[in-house]
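Asks: Sequence order for the protein chains is A and B.
Take any residue in the first sequence, count from 1 to its spot, add 6: that is its number in my numbering.
Take any residue in the second sequence, count from 1 to its spot, add 6: that is its number in my numbering.
Treat the hints as calculated values from the structure; they're not laboratory data.
Any given hint could turn out to be false.
Any copy will do: because identical chains look the same in the list, a pair fits if it lies in one copy or spans two.
[Unchecked claim] Distance condition first, Cα-Cα at most 25 Å in a straight line; then the derived BS3-like pairs of lysine-lysine: (1) Lys68 to Lys201; (2) Lys278 to Lys185; (3) Lys278 to Lys214; (4) Lys275 to Lys189.
There are 2 protein chains.
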Amino acid sequence: MDAYNLHCIKPGSKVKLRDIDPSKTLGLQGPEDQERAAADALRDQNIGVMQQLQYRLWAEAKRSLLIVLQGMDCSGKDGTTRRVLGPLNPQGVRVSSFKKPTDEELSHDFLWRVHKVVPARGMIGVFNRSHYEDVLVVRVLNLVPKGEWSLRYDHINDFEKLLTESGTRILKFMLHISKDEQKERLQARLDDPEKGWKFALGDLDTRKRWDEYMDAYEAMLERCSTPEAPWFVIPADKKWYRNWAISSIVRRELELMDPKTPAMDAELKGLKIE
Amino acid sequence: MDAYNLHCIKPGSKVKLRDIDPSKTLGLQGPEDQERAAADALRDQNIGVMQQLQYRLWAEAKRSLLIVLQGMDCSGKDGTTRRVLGPLNPQGVRVSSFKKPTDEELSHDFLWRVHKVVPARGMIGVFNRSHYEDVLVVRVLNLVPKGEWSLRYDHINDFEKLLTESGTRILKFMLHISKDEQKERLQARLDDPEKGWKFALGDLDTRKRWDEYMDAYEAMLERCSTPEAPWFVIPADKKWYRNWAISSIVRRELELMDPKTPAMDAELKGLKIE
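So here's chain A without its partners, still in its complex pose (with noise of 0.2 Å):
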């Protein structure tokens, strides 16, 4: 089972989100809570390994690691922020929420605002929404003309390309659910008292567009997706199943980054204290 080359969007192909389940499991015999404590250990052997390597990441302090999290409402951005990166040190993860851009944001290029919050050398960055809105809801409402947002997918890249090229390693997640299950965790938030206010009207305006969302997905997929900052569709509709996908690839990447924490000043070597 490897997340990373079963989720990764190869650059310069094509994307139909139909194609691709939403509800995927590890694939293993048995019934779902088998393979579901299965994939939760694994989770948790993941969370350990980050969670010594996001040490030397902020020992070496030479490169970051920036996470960006996009997906419908209810598909589990907050749920994989709190699950999956919940457990590091706090003092090394930085979460930036894109919200509706302020008067100020809206009077400088689009990517201002972001450019202001990307993870600093040592630290993971965690975007839950991102500049991505601005080729996703921007692109469906018409919020700017198409002569604009149209071009937004190559300042995307080179900006990206920016980051990476100066240690920032970029890894992007789309979580994929489907509008049965969408439907499910809307009315489930509806029906709790402790939920209801994240509701908005709007929140259903978008849910009647689904298909207008679905192609802008595509088209972001299919042109932001680049070796150095790979697009990641994971299933999820199980919650366990996408935690399991994005903590694997967190790891690999972070493996593959294999950060060294300093060596000590050899005039300290031997040195006792009084």
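Given the structure of chain A, go ahead and fit chain B onto it with the hints provided.
Replies: The following block gives chain B in isolation, referenced to the frame of chain A:
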């Protein structure tokens, strides 16, 4: 065992750090590992309540909490962040570490860089070191003239008043370790290949000025513990005691704040998703 009243510095009181035992325990009968187990269980309870209340603080999005951690090298600022605040949802926590100021920061007043990173509504901010360095290291090493640093206590009180009257609750913890305990921890850091890099020769200079630092801490505690933004001196030789005490005080504060999850829009009640 009321950590708040045990360790809060009453505004206007005199502080003698040498009279506060850094190796304090809960004072239960029995061997230390039994006491430690009891403290860890209470800490976990505290963290469970903190997690629930953090969700509501975030949902309410009207107020924020700022936690300031100060202490000598090896006093446990990183450990507290990881053990007590690490289990919170990372989306609602922002840790800011204050290092040597940059040229741009030095070209502004000392609170400029601090103000930029105070927690937004709904957030919990953690300062690993803080604006108090400007009356600690700056005072001990005479980095600015006395005429300048001596004004800063009032500047800090006024700044914190602005924050507390704008919806931010502030809890300030001085992690109080003994000079002997620091010796052991510094030595352990030196002797561990994964931790030796953290050690700088400057740490030894700071250790040599221990008494001057204690004087500076006492002045800070006496002048800047206010009813709205109290200082706590936390005995920190025993990490389990420290974690119990700080989690108890943070839990108490969140309970007093009593954030409320907003009600759902009335028009959404009974809605069925299609």
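Asks: If a hint holds in the structure, say so; if it doesn't, say that too.
Replies: Hint by hint, here is what the structure shows:
{"no.": "1", "hint": "Lys68 to Lys201", "in the structure": "between (40 Å within a copy, 17 Å between copies)"}
{"no.": "2", "hint": "Lys278 to Lys185", "in the structure": "between (64 Å within a copy, 15 Å between copies)"}
{"no.": "3", "hint": "Lys278 to Lys214", "in the structure": "between (69 Å within a copy, 14 Å between copies)"}
{"no.": "4", "hint": "Lys275 to Lys189", "in the structure": "between (61 Å within a copy, 16 Å between copies)"}
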